[in-house]
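**Q** Numbering (our numbering), first residue to last: 1 to 194.
Derived by calculation from the structure, the hints in this document are not laboratory data. A hint or two may mislead.
Claimed, not checked - So the derived label-pair ranges between C-beta atoms look like this: (1) 145 <-> 34: 44 to 54 Å; (2) 184 <-> 97: 16 to 26 Å; (3) 46 <-> 14: 14 to 24 Å; (4) 33 <-> 128: 17 to 27 Å.
Glycine included, C-beta positions come from ideal geometry on N, C-alpha and C.
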Amino acid sequence: MPSAPATPPQPPAFVRWFRDSAPYINAFRGRTFVVMFGGEAVQDAQFAGLIHDLALLNSLGIRLLLVHGARPQIESRLQARGAEMRYVNGLRITDDEALVCVKEAVGSVRVEIEALLSMGLANSPMAGACIRVASGNAVIARPLGVHEGVDYRHTGEVRRIDHEALRAQLDQGSVVLLSPLGYSPTGEVFNLSA
Numbered sequence: 001m002p003s004a005p006a007t008p009p010q011p012p013a014f015v016r017w018f019r020d021s022a023p024y025i026n027a028f029r030g031r032t033f034v035v036m037f038g039g040e041a042v043q044d045a046q047f048a049g050l051i052h053d054l055a056l057l058n059s060l061g062i063r064l065l066l067v068h069g070a071r072p073q074i075e076s077r078l079q080a081r082g083a084e085m086r087y088v089n090g091l092r093i094t095d096d097e098a099l100v101c102v103k104e105a106v107g108s109v110r111v112e113i114e115a116l117l118s119m120g121l122a123n124s125p126m127a128g129a130c131i132r133v134a135s136g137n138a139v140i141a142r143p144l145g146v147h148e149g150v151d152y153r154h155t156g157e158v159r160r161i162d163h164e165a166l167r168a169q170l171d172q173g174s175v176v177l178l179s180p181l182g183y184s185p186t187g188e189v190f191n192l193s194a
């Protein structure tokens, strides 16, 4: 009686995962993903895991443009200074004192994200990674102005995006990080909604 053919050994689970993932990796390599997350995500205990997942996408050839918020961090700084928090129609009225808090909070969040993307220790999930992060003044803004008698002061809206500058950074392999700040041609800084 002929013996039944031997069943080939099953590959390890991670090999099956790569085989199943390969079509997606190939389909999205070189594509640009825009990922937006609020300041609440930055405060979450699992935020480092999100950054590690984004770093994995970057290592697979996905071009990343990250847009972060900072609302809870801004509110925390305003409360610490005893500053008034005023909102009209869901938008913060950013006076001079609030703008200082906005810059501090946004800068702190940006530095935290950059630090997490810079991890490369042998015992970290990003072992050996060398990710460049680019940020800057690619978001050109204008003041929101006065609406229904309310002066929003340093609260702004996007006038335009310098797409070429962002594309150049992505083409060089950098992860682009955009903060909720915009800059005017006259050198003003505006608080934007992420």
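**Q** Tell me, which hint numbers fail for this structure?
**A** The structure breaks only hint 1.
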